[in-house]
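K.L.:
Order-wise, the sequence lines are chains A and B.
So the number in the numbering used here is just where the residue sits in the first sequence, counting from 1, plus 483.
Residue numbers are given in the numbering used here: position 38 of the second sequence equals residue 30, and the series is strictly consecutive.
Warning: the hint list may mix true and false statements.
[Unchecked claim] Some chain B residues well away from chain A (every beta-carbon gap over 10 Å; in silico): (1) Val50; (2) Asp93; (3) Tyr106; (4) Glu174; (5) Asp195; (6) Pro235; (7) Asn249; (8) Leu250; (9) Ile307; (10) Arg308; (11) Asp309; (12) Gly313; (13) Gly315; (14) Ala316; (15) Gln320; (16) Lys418.
[Claimed, not checked] Computed list of lysine to any residue pairs in SDA-like fashion (alpha-carbon distance at most 20 Å, straight line): (17) Lys600/A with Arg617/A; (18) Lys418/B with Ala690/A; (19) Lys206/B with Ser317/B; (20) Lys600/A with Arg344/B; (21) Lys600/A with Ile307/B; (22) Lys301/B with Arg274/B; (23) Lys600/A with Thr69/B; (24) Lys606/A with Arg344/B; (25) Lys301/B with Lys206/B; (26) Lys206/B with Arg344/B; (27) Lys206/B with Ile222/B; (28) Lys206/B with Arg308/B; (29) Lys418/B with Ser607/A; (30) Lys568/A with Pro318/B; (31) Lys301/B with Arg344/B; (32) Lys606/A with Arg274/B; (33) Lys606/A with Ile243/B.
None of these hints come from the bench; they were simulated from the model.
Just so you know, even glycine gets a beta-carbon here, dropped at the ideal spot from N, CA and C.
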Amino acid sequence: MNDATDIQTESQAETRSETPPVAPESLKMTARNVDVYYGDKQAIDDVSIDIGMDNVTAFIGPSGCGKSTFLRCLNRMNDTIPIAKVTGQIDLEGNDIYDPTMDVVQLRARVGMVFQKPNPFPKSIYENVAYGPRIHGLAASKADLDAIVEKSLIRAGLFEEVKDRLSDSGTALSGGQQQRLCIARAIAVDPEVILMDEPCSALDPIATAKIEELIHELRGKYAIVIVTHNMQQAARVSQRTAFFHLGSLVEYGETSELFTNPHQERTKDYITGRYG
Amino acid sequence: MNTATSPADTRDPTDWATDAMQRRIRARYRAEKRFRFYGLFAVLLSAGFLAFLLFTMVANGARGFTQVQIALPVNFTASDIFLEPGQLEGDDREQLLAQADFQGLARQSAIAAYGEDGPNLLSNGAWVRLREAVSADPELLTREETLWVPASTAVDFAARGDTGARQSDERDAMIARYGELEEAGQVRRAFSWTFLTMADSSDPTLAGIWGAFKGSLLTMIVTLALAFPIGVLAAVYLEEYAPQNRWTDMIEVSINNLAAVPSIIFGLLGLAVFINTFELPRSAAIVGGLTLALMTMPVIVIAGRNAIKSVPPSIRDAALGVGASPVQVLTHHVLPLSLPGILTGTIIGMSRALGETAPLLLIGMRAFVPTPPQGFTDAATVLPVQIFLWSDELDPGFVEKTSAAIIVLLLFLLAMNGLAIWLRNKYEQRW
C-alpha cells in the first residue's frame, strides 16, 4: 500500500484527468480511444487507459459494462469472435498490438490470461504448466522444462500442494487449486502482463483469499490487470482502479482515492451500492 | 399479503384420507407399475428377437463351419500318376503337380472303394485334397494311404437325415447308404478349413467365406482411409473456419441430406462416376470402398461436428490464452477431446457400410468370384453380398453356408464395434 500512497501524492497535485499518469518507466500498455463493436452494437466507447508495471490495476463496474470485453482487447482474445471489431490504438511497450505485423501468438504469450472459470486442460498438472513453454520452445531440455514447471508452480503458490502428484489430472484439483494452476500455466511462458477476468468469481472465500495473496506476491513481477465484480476485492488487491459503466471508462485513479473520494457521481453511486 | 378474504385463507385443510384421494393415489401407483411393465415388455421383446436370431443363426450356421468327410483309400503306386518323390524336389514341382491327373486318381479310388457310383460320394473338389497330401508328403507316392476327403453335397445332406420336402428314392437311397458308411466308420464330420480359407464356389462343399471376408476387409480399408480423413477435415472446417453465411448453411443442409439418401442411389452414383467416368475396374474393392466412403462421410461429418461443438469453449480460451495458434488449439486440444465422439460416429458409419449390399450390387460386386482378391483392384465380393448370393442358390448345401456367413459377418461387426469401444474408452476424457 505504501507504493500506492507515494504515487498518490504525486498525482494529487494535478487535477484528475481521464488517464492519470503512470510513471513512464513503469508504463506497460496504453490504450487510446478504443471502441469495440459487436456487430452493430457498441460495447466499448472511447476508452483510453494506461497500464503500469508496478501496480495491480482493477476494472470494476456493473455486469455488462464492458470491462471484460475491454480486458479481452488487451491480448486480442476478441479476435476469436467473428463479429467483434476493435478500433483505436492499444500499445504494448510502444508497439501497436493491432498492427498487421503483430504476431497474435507471441502477443498472447507476452500478455497472459486467467479466466473466470478455472479451465485447466484435461491433462496432468505437469502438462498443464509445461504446455505453454513447450509450444513456444522456451525449454531447451527436459530438465529445463522441469525447472520452468517447478518455478511456475512455486510462484503460483501451488507447488507444495501438488509436488508429489504432478502427473495427476489437473481437473482433479479443487477449484481454488485449479485457478492457481491456471495462473501457473499463464506465468510459465514468462509474460509481461497478466490479465485476470474475474478469477475468483467461482471460488469460495478461502480460495479467494489465497488468490488475492498470490496477486500481491506477483505484483511488480508482472503488470496485472484484474476484472472483478467485487469492490472489496478491488480495494484489497489493486493500487489503481478503473470504473466502467455502459461501455465507457467513467473514472480511473488510485484505488484508495477512487473508493474514498470518487470524482464522478456515477462512481459514487456504484461504490455506495446504489446500482450494480 | 392480501386481506383476510383471500381464497387461500378460506380454504379447508386438505383431507388426504378421503376415498377420492385414496383412489387417486392407487391409480397413480397402478399407472407407475403399468408403465414400468410396458418398458420391461419392450426390452424383453427386443431381447427375445435378438436371442431368436442368434440362436437360429448359430444352430443353422454351426454346421456350415464343418463338412462331412469320407475315407478314401488311395493307392498311389498303382495309379496313372507317374511321379516319383524325387521329382517333386525340383523347381518344376508345381507344374508337375498341376499336370498330374489327381482327378482321375480320385475317381478310380472312389470306384475301387465304393463301387460304380463311388465318385458321386465325393465332392467335386475332393481331388484337390489328394494333391495337397502329395505336395505335403511326396513319399505318399510310394504307398497306399487312406485320406479323408470332402464328401458330396448329397452325402452331406443325407448326413442330416433330412429327407426334404420332396420325397425321392434317390435321397432315401443315399440316406440308407450313409447309414452303412457311418457304421463302417468311413464317414466323419470334421471342422472345415475349406470354409474359412476358400472363396466362392458353385459347389457348397467347396465354397468358402475367405474371399468375401477379404473383399469386405479391403473395401472397409478403402472406405475408412477416405471417409475418415475427409469427414473429419470437413467437420473441422465447417465448425472452426467456415464463415457463417448462406453457403455454409447450404453445405450443411446438403450434408445432412446426404446422410439420409438411400444407399442404392450411392450405388448408381458409384457406377456412373467411378466405373463409367474414371473407368476403374468393375467389381473391385476400390470402387466399393469409394462408393461406401461417399455414404459414410456425411455420417462422420455430422458426428464430428457435434463432437467438436461439445468441446468446452473454456479449453479453447485456455489454449489461446497461453499463445497457442488456432491449429495448435485444434490439434492439441479440440481434436483429442472430440476424438471419442468422432470415433463413435465413424464406427456407426462403418458398421452401416459393412452391412451394405444394395450399392455394391450396382457396381458389380455381386459377381461370382472364385478366388480371393489379391488387391484393391481385383474382382471381389463382400460378406453381405455373399450372403445374398448364397441365399439365392438352388443347391440346399448353401443354406447352412449362408447362416455360417452371417455368423462371420456378425463377428466382423462385433470385432469392429469392440475396437471402437476400446478406442473410445482409451481416449475418453474424465473431467
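K.L.:
Looking back at the numbered hints, which does the structure fail to meet, lowest number first?
P.N.:
6, 9, 10, 11, 12, 13, 14, 15, 17, 18, 19, 20, 22, 23, 24, 25, 27, 28, 31, 32 and 33
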